[in-house]
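Student: Below, each chain spelled out in residue letters.
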Amino acid sequence: MATARSAVRRAAEPALLPNEIKPAMQGAIPASICTCSLDGIPNATIISQVYYVDARHIALSCQFFNKTTRNARENPFVSILMIDLESYDEWYLEARYDHSETEGPVFDNMDMQIEAIASLTGMSGVFKLKSADVYEVLAVERRSPTTG
Amino acid sequence: MERKEPRVAAVREQIVGNQAIIDQLNARLARKTEEVRIIQQISSGVLGTLDLQAILERILETMDSLLGFSHAVILLSDEAGQTLKVAAARGYPQGSLGAVVPVGIGPLGMVAKKQRIVRLSNIQSQLGYHAAVRARLEADGQAPRADASGPLPGLPDAESQIGIPLVVKDRLVGVFAVESQSPNAFDEVDEVLLTIVGNQVANAILNARLHEAELARAGELKQFNAELSRLNETLEASVTERTRELTSVLETVKREQVVSSKLLARTAPAEVIPDLLAGRLQARRIAISVLFTDLQNFTSYSSGLEPDEIFSQLNELFGWAGEVIQRYRGYVNKTIGDSVMALFGVPNGSPTHALDSVLAALAMQRELHQKFSLPMRIGINSGPVTAGMLGSHDKSLYDVLGDTVNVASRMEHYSEAGAVSISEQTYNLVAPYFEIQSMGEHDVKGKGRMNRYRVVGIKDLATDARRIDPSSLFARDFRGVIDEVYDFRRRLFLMVDFVSLQARDGSLSHSEAVASFALVLLRYLLSQESLASDPALGLRSIDPERLLRIALLHDLGKHALSGSELNEPCPDSAQKDRLRGALLQHTLAAVERLGMTDLAPDIEDLYRFESCVDCAQPVRPLIELVAIADIYDALTAPKLYKGKSWRITGALEELLRLPYCRPGSRPFFTAFVEMMKPEASRIAVRSADKVLFW
Amino acid sequence: MDRQQTRKPAAKPTAPVDASPAMDSSATAVMGEQQPGTGAATASLLLPERLVELLHGGNVLVVGTRSEKLMAHVCRAFGARVSPDRRAITVFLPKSFSTTPMANLHGNKQIALTVANPADHECYQFKGETTSEGPVSPDDQTVSDLYRTKLCAKLSRKYSNFERFFDHFQPGPLHAVTFVPREIYDQTPGPNAGRRVEMD
Chain F
1 MATARSAVRR AAEPALLPNE IKPAMQGAIP ASICTCSLDG IPNATIISQV
51 YYVDARHIAL SCQFFNKTTR NARENPFVSI LMIDLESYDE WYLEARYDHS
101 ETEGPVFDNM DMQIEAIASL TGMSGVFKLK SADVYEVLAV ERRSPTTG
Chain R
1 MERKEPRVAA VREQIVGNQA IIDQLNARLA RKTEEVRIIQ QISSGVLGTL
51 DLQAILERIL ETMDSLLGFS HAVILLSDEA GQTLKVAAAR GYPQGSLGAV
101 VPVGIGPLGM VAKKQRIVRL SNIQSQLGYH AAVRARLEAD GQAPRADASG
151 PLPGLPDAES QIGIPLVVKD RLVGVFAVES QSPNAFDEVD EVLLTIVGNQ
201 VANAILNARL HEAELARAGE LKQFNAELSR LNETLEASVT ERTRELTSVL
251 ETVKREQVVS SKLLARTAPA EVIPDLLAGR LQARRIAISV LFTDLQNFTS
301 YSSGLEPDEI FSQLNELFGW AGEVIQRYRG YVNKTIGDSV MALFGVPNGS
351 PTHALDSVLA ALAMQRELHQ KFSLPMRIGI NSGPVTAGML GSHDKSLYDV
401 LGDTVNVASR MEHYSEAGAV SISEQTYNLV APYFEIQSMG EHDVKGKGRM
451 NRYRVVGIKD LATDARRIDP SSLFARDFRG VIDEVYDFRR RLFLMVDFVS
501 LQARDGSLSH SEAVASFALV LLRYLLSQES LASDPALGLR SIDPERLLRI
551 ALLHDLGKHA LSGSELNEPC PDSAQKDRLR GALLQHTLAA VERLGMTDLA
601 PDIEDLYRFE SCVDCAQPVR PLIELVAIAD IYDALTAPKL YKGKSWRITG
651 ALEELLRLPY CRPGSRPFFT AFVEMMKPEA SRIAVRSADK VLFW
Chain A
1 MDRQQTRKPA AKPTAPVDAS PAMDSSATAV MGEQQPGTGA ATASLLLPER
51 LVELLHGGNV LVVGTRSEKL MAHVCRAFGA RVSPDRRAIT VFLPKSFSTT
101 PMANLHGNKQ IALTVANPAD HECYQFKGET TSEGPVSPDD QTVSDLYRTK
151 LCAKLSRKYS NFERFFDHFQ PGPLHAVTFV PREIYDQTPG PNAGRRVEMD
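Residue numbers (my numbering), protein chains in the order written: chain F, 1 to 148; chain R, 1 to 694; chain A, 1 to 200.
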């Protein structure tokens with residue numbers, strides 16, 4: 001990993017997600033993610049939901065194979081920004097792509113949430129979860145309105 | 001007593017004799033024997049007095065008044081499993097009853113189709129997202145055909161929803177849901193609460209349906225009617241019982257609500273929450289360490305401060321103390337005025353509770369001056385306590401009781417400012433690890449006179465005669481290397497808390513000892529020209545910094561293993577191999593996180609060499625040096641589960657007895673023995689299977 | 001990639017060939033050497049009007065950069081300004097959170113900017129290399145203030161009240177970073193997601 005210059009303090013153990021981060025993960029303003037390809041081109045994009053797996057892991061839904069999923073598989077270190085519209089807290093995460101799941105509880109829960117909404121808009125066939133991409137959280141930083 | 005049909009009499013006896021039969025009725029309903037049909041009839045009668053509609057409405061009412069779920073709905077599935085129909089609703093306009101949801105459509109339809117719980121937190125923004133995609137597809141002529149279903153029942157602009165499938169014996173009977181117009185209105189605790197209530201709802205529905213089916217067959221059972229009516233009298237009691245059961249269900253729910261709010265208030269350690277929620281948490285007796293802190297003269301100091309200033313200073317103090325305590329696996333039980341009471345080893349016991357508590361105390365004393373200008377007293381005692389939830393029903397707290405707590409408080413009371421005082425009991429558990437002074441006896445109310453000890457600090461590796469013999473070559477010529485190693489460690493690995501890591505299995509200073517021994521061994525070997533210049537040994541190619549990094553990080557993976565794995569002796573060698581494998585994997589992962597993947601092959605080689613899977617394999621000199629130092633320190637250093645550590649000469653004998661250490665074949669081992677042995681001792685016997693020091 | 005689009009701007013000889021003098025007037029420090037032809041006809045593109053509109057509207061702006069070690073970093077931009085010749089974009093980054101992105105851009109000029117309309121999810125990504133950075137001019141500050149007002153108004157229509165939003169969306173002092181987009185991607189969720197946008 002080695003980003004000695006990063007402002008975010010890193011410990012030997014991976015960072016822990018606090019409970020207060022949860023409202024930001026499914027926020028009304030979508031989260032932003034930046035990945036980087038191996039040839040050094042950053043890719044910034046919007047993701048509608050970040051799923052809480054456990055205190056050390058998050059998951060992103062992979063509904064179609066795009067640049068973000070491709071980049072994460074060749075260079076696993078990603079950077080994510082989320083905002084909680086209730087508290088106005090902004091959350092900055094650094095994470096590492098770990099693996100993809102196509103079955104099991106994490107996948108099923110994400111699939112369930114996506115299908116539930118998709119079936120309301122007649123889009124069940126379009127929004128299909130291909131895989132749940134699980135990331136290990138390496139750093140968490142909270143940027144409260146007062147500090148920022 | 002009148003004579004009864006024997007069969008009926010038997011049933012009657014069974015029912016009247018045992019109240020628990022009511023619970024068993026549900027299971028028996030499925031059976032088709034005549035006898036069971038009679039019981040079914042009775043059971044139906046019981047349920048008939050509490051009809052389904054009434055049960056459902058009562059449940060929703062309780063959900064609202066007790067738990068604050070103000071928009072809740074129960075839908076029942078039809079026979080064919082195609083649709084769900086609203087059977088009870090609360091918090092919706094009149095006329096919601098009877099509305100239909102097709103299975104597979106919308107969140108609740110999906111819950112029914114997949115028989116899985118769903119929790120949604122921001123429905124409107126997700127709908128907007130889907131609608132945007134749909135609009136795009138439509139513009140492209142690719143949109144799937146919209147379903148013809150009308151609007152679904154529910155709040156028009158719900159943001160949050162939990163839907164729970166009501167399933168009995170693998171059969172879906174309906175869906176139970178709560179909604180809210182606020183985003184992120186529900187969390188995991190709500191999910192748990194609703195699941196518990198959902199189980200009750202499902203059972204009520206199933207019983208009511210079986211009751212209906214049984215009524216249809218009532219004709220067949222006319223011959224027992226007379227007897228049954230008499231039986232029903234005795235069953236009045238059962239009806240009451242049933243009602244009481246329902247009340248107790250509601251009580252359970254109520255208790256769980258209390259629990260959930262507590263969960264947020266952090267009134268119990270995280271590990272006990274599941275048991276707490278399931279009502280299984282029982283008070284138990286465990287051995288722990290209790291730590292008290294107190295700020296000297298805080299009362300007079302704070303008298304000159306504004307109230308909000310006092311609070312903010314104390315909160316900062318508690319936040320910091322809590323962090324340190326947590327770092328050493330402790331749990332802040334409560335704060336009293338300006339003092340903190342912390343528990344180590346709750347809720348499940350821990351082999352390192354005493355060690356952890358003293359390390360936390362030392363860390364607090366070390367860091368305090370950066371936080372606060374007043375000196376702190378800390379007292380610790382270890383011993384048995386009774387742990388559990390304590391307090392009145394609406395305000396209970398995970399707490400511990402027993403003399404152990406009082407003695408810890410007294411230790412703090414008698415402590416000098418800036419010091420860490422421990423009792424005899426704690427002393428007995430941690431003595432090998434620390435520099436400790438005896439502070440004499442004190443009167444402790446109810447306990448008589450008790451010894452108090454003051455912990456000065458962690459035992460200094462350089463003067464630890466159990467690991468370094470004072471007359472050895474090492475002690476004489478190389479002691480200064482230990483400081484070099486500590487400097488190196490601080491420079492390179494500021495972010496790794498070695499003390500907290502080593503405390504996990506009581507191997508304090510182990511990494512630093514291995515690094516020091518290996519480095520000194522390298523220098524000692526290099527100082528002997530014949531060895532240093534031997535290209536077969538390859539000593540000059542060793543990078544000392546790399547050697548230090550490997551030695552310091554070789555068991556970093558400990559943080560991921562459990563306390564019992566680390567501290568209980570392995571029952572067999574297979575288990576030991578598995579544990580070593582896990583430790584290696586976690587270590588490699590941790591080293592990778594430090595950005596030092598270049599060390600991975602060396603660390604793997606080190607583990608392979610130490611486990612001696614293939615003793616004939618040649619091993620690189622760097623690996624061998626670290627392995628020698630590691631094995632030696634593992635033997636001589638104090639460790640929790642091994643009881644007494646090895647004498648130095650015993651450990652050296654053991655080293656030379658290792659399978660790959662035939663006489664004369666390993667010059668590094670021989671040199672290490674020369675370096676560490678007491679000056680006066682020498683090898684008396686050295687044969688293929690025997691080494692004895694004199 | 002080098003389609004005839006790259007020649008098109010040359011067909012408009014009146015368009016300034018240097019990367020947007022209007023923008024550079026506010027940007028003092030030039031990062032690295034200006035390569036011959038940067039921002040000129042070799043690769044510079046004319047941004048479609050529709051995208052200029054999105055960039056100047058109250059939409060979510062996200063900036064991606066990366067370090068020498070290819071560590072990605074994401075941050076928010078508080079406003080964007082397209083140069084009058086429609087070849088360069090200047091984004092405004094809050095100084096308080098821009099240590100990493102600025103260090104990244106000093107080491108390499110790779111930048112990605114994503115604009116997303118929170119109301120209908122229309123979304124585009126611009127990829128390119130920075131040409132200059134520096135303090136914001138009074139004009140820039142006005143653009144950023146306007147941006148803040150527009151975004152808050154848009155979000156608060158749906159989710160909260162305007163004043164609260166406005167109060168909390170304080171970027172503080174800003175950096176201006178100018179870059180010339182080389183590639184544009186349509187990232188609106190749907191059938192065309194990921195498709196490269198052809199330029200004028």
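Quick caveat, the hints were computed from the structure, so don't treat them as lab data.
Predicted model only: the values in this text are computed from it and were never measured.
Even for Gly, the Cβ is constructed at its ideal location relative to N, Cα and C.
Certain hints may be false.
[As the list claims (entries may be wrong)] Simulated pairs of lysine-lysine, DSSO-like, Cα-Cα distance not exceeding 27 Å:
| no. | chain 1 | residue 1 | chain 2 | residue 2 |
| --- | --- | --- | --- | --- |
| 1 | R | LYS114 | R | LYS85 |
| 2 | F | LYS22 | A | LYS109 |
| 3 | F | LYS128 | R | LYS113 |
| 4 | F | LYS128 | R | LYS114 |
| 5 | R | LYS113 | F | LYS130 |
| 6 | A | LYS154 | F | LYS130 |
| 7 | F | LYS67 | A | LYS109 |
| 8 | F | LYS22 | R | LYS85 |
| 9 | R | LYS85 | F | LYS130 |
[Stated by the list, open to error] Pair ranges (Cβ atoms, derived):
| no. | chain 1 | residue 1 | chain 2 | residue 2 | range |
| --- | --- | --- | --- | --- | --- |
| 10 | F | ASN66 | R | GLY402 | 54 to 64 Å |
| 11 | R | THR386 | F | ASN66 | 31 to 41 Å |
| 12 | F | ASN66 | R | PRO667 | 40 to 50 Å |
| 13 | F | ILE47 | R | ALA589 | 42 to 52 Å |
| 14 | F | ASN66 | R | GLN124 | 49 to 59 Å |
| 15 | R | ALA589 | A | GLU68 | 17 to 27 Å |
| 16 | F | GLU86 | R | ILE336 | 31 to 41 Å |
| 17 | R | ARG58 | F | ARG70 | 31 to 41 Å |
| 18 | R | PRO571 | A | GLY194 | 24 to 34 Å |
Student: Does LYS85 (chain R) sit within 27 Å of LYS22 (chain F), going by the straight-line distance between their CA atoms?
Tutor: With Cα atoms ~33 Å apart, LYS22 (chain F) and LYS85 (chain R) exceed 27 Å; violated.
Student: Determine whether the Cβ-Cβ distance between ALA589 (chain R) and GLU68 (chain A) falls within the hinted range of 17 to 27 Å.
Tutor: 24 Å, holds
Student: Hint check: LYS113 (chain R) vs LYS130 (chain F), CA-CA at most 27 Å. Holds or violated?
Tutor: 20 Å, holds
Student: Within 27 Å, alpha carbon to alpha carbon, are LYS67 (chain F) and LYS109 (chain A)?
Tutor: 20 Å, holds
Student: Please verify whether LYS85 (chain R) and LYS130 (chain F) have alpha carbons no more than 27 Å apart.
Tutor: 32 Å, violated
Student: Between the beta carbons of ASN66 (chain F) and GLN124 (chain R), is the distance compatible with 49 to 59 Å?
Tutor: 25 Å, violated
Student: Could you grab the alpha-carbon distance between LYS154 (chain A) and LYS130 (chain F) and see if it respects the 27 Å cut-off?
Tutor: 33 Å, violated
Student: Within a Cα-Cα threshold of 27 Å, do LYS22 (chain F) and LYS109 (chain A) meet the stated pairing?
Tutor: 34 Å, violated
Student: Is it true that the C-beta distance of ASN66 (chain F) to GLY402 (chain R) lies inside 54 to 64 Å, as the hint says?
Tutor: 60 Å, holds
Student: Holds or violated: the 31 to 41 Å window for the beta-carbon distance between GLU86 (chain F) and ILE336 (chain R)?
Tutor: Holds: the Cβ-Cβ distance is about 34 Å, inside 31 to 41 Å.
Student: Between ASN66 (chain F) and PRO667 (chain R), does the C-beta distance stay in 40 to 50 Å?
Tutor: 60 Å, violated
Student: Confirm or reject the claim that PRO571 (chain R) and GLY194 (chain A) have a C-beta distance inside 24 to 34 Å.
Tutor: Violated, at about 56 Å.
In this structure, the hints that do not hold are numbers 2, 6, 8, 9, 11, 12, 13, 14, 17, 18, in rising order.
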